[in-house]
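Mind docking chain B on chain A? Use the hints.
Protein chains: 2
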Amino acid sequence: MASVASPFDAEKKGALERLARRGADAEVMPVLDRLNGLADFFTTSSCAGRIVVIYLPAVGAKREAVFAGKWHRAVEVEEVLGAIAEAPASTEGALWFIVQAPILHVACRDTDKAVALLRLALDAGFKYSGLKGLETATGRVVVEVMSTERMDVPLAAGSTTFYTDRYLAFLVSTANLLLARGKSKLGRFYEGVRMLE
Amino acid sequence: MASVASPFDAEKKGALERLARRGADAEVMPVLDRLNGLADFFTTSSCAGRIVVIYLPAVGAKREAVFAGKWHRAVEVEEVLGAIAEAPASTEGALWFIVQAPILHVACRDTDKAVALLRLALDAGFKYSGLKGLETATGRVVVEVMSTERMDVPLAAGSTTFYTDRYLAFLVSTANLLLARGKSKLGRFYEGVRMLE
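Chains A and B supply the protein sequences, listed in that same order. Quick note: the first sequence uses the numbering used here, first residue 108, plus one each step. Quick note: the second sequence uses the numbering used here, first residue 108, plus one each step.
Treat the hints as calculated values from the structure; they're not laboratory data. All C-beta atoms, glycine included, are put in the ideal place defined by N, C-alpha and C. Treat the hints with care, as some may be off.
Here are some of the chain B residues that sit facing chain A, going by a computed Cβ distance under 8 Å [unchecked claim]:
hint : residue
1    : M136
2    : L139
3    : M258
4    : D259
One chain only, chain A, in its complex shape:
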């Protein structure tokens, strides 16, 4: 008789298949591979951190958002200007320049494993990390690994442009710095995860 996989192992198989099909940001692959190589963990979603230029028809209206530019690496001012030029023209809403920190969701077999992972995430500088989605039936717990590097700056609203060349240069250099900081935390976390092996 074939052995029956536990619900956790069956879910992990599905998550790994999705990851293989859809891929993930290159910068986050090493830590995903290391986590998925451990019997008691698997990753369900991830972002290595990014810089975006995005049009929002209203504050927080994420579903109707239109990406004009999206980068998982340091950007140049010219690239941002190019994205701004391609953003939807509208008399409503606003165009935003946003930096997002790395984020990972990791399913853990039980609470003890989740707490161990949470500790590593906090030690690596992912200060906003926490446990989510505790399923009391199966014991499965999801850890959200999240950091604080963040910037949300309006660039234009309606027909009014707010930025100057100097402002954009400052935004871009600050964004690149925040992105690099997020990646260095990912590196520290990658080293920390070794302790779970």
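Okay, now just chain B, sitting in the frame of chain A:
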């Protein structure tokens, strides 16, 4: 013989004494009182959400930060201009206009209680909420109740000022809207917590 308080109840007593001594933001008091009135919970820290003007000598250098203005309510452009005028003059670092969402830390007697509170927080719109600081010895768990309303905008760097009157007007109206949204989530959470009674 006097009954011996559990570690949880002893900690709660200390936390309530600190709260009585230090106080908390007026807008968050009702929800703190409701949570602290429940036997299995107590609050350890809170902020109702705020708008700040802050000088940072380097990106993320929070310890050396100097607050030039801090409000837990809607602000007027003139107030923000007044705060900017009082900020430290420096050739290094930058002056930031920041909106922070409400945040609460709630200690829970055990994991089941924490999961119930987490669910209420997520249902009320506090999307970044999670469990933290699980103490495997005592079973005590802290829930971080946190939301997404956030803005981090540089206003000036070195001797360069980035904002125009129109930009500041847009920032202030967006900030006031984000603050109001955070408070309406606090209201929903306050109603939700009733279900734990």
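Here is how each hint holds up against the structure:
1. M136: 25 Å, violated
2. L139: This hint is violated: L139 (chain B) lies away from chain A, its Cβ roughly 20 Å from the closest one there, beyond 8 Å.
3. M258: At about 5 Å, which falls below the 8 Å cut-off, the nearest Cβ of chain A leaves the hint on M258 (chain B) intact, so it holds.
4. D259: 5 Å, holds
Hint compliance for this structure: hints 1, 2 are broken, all remaining hints hold.
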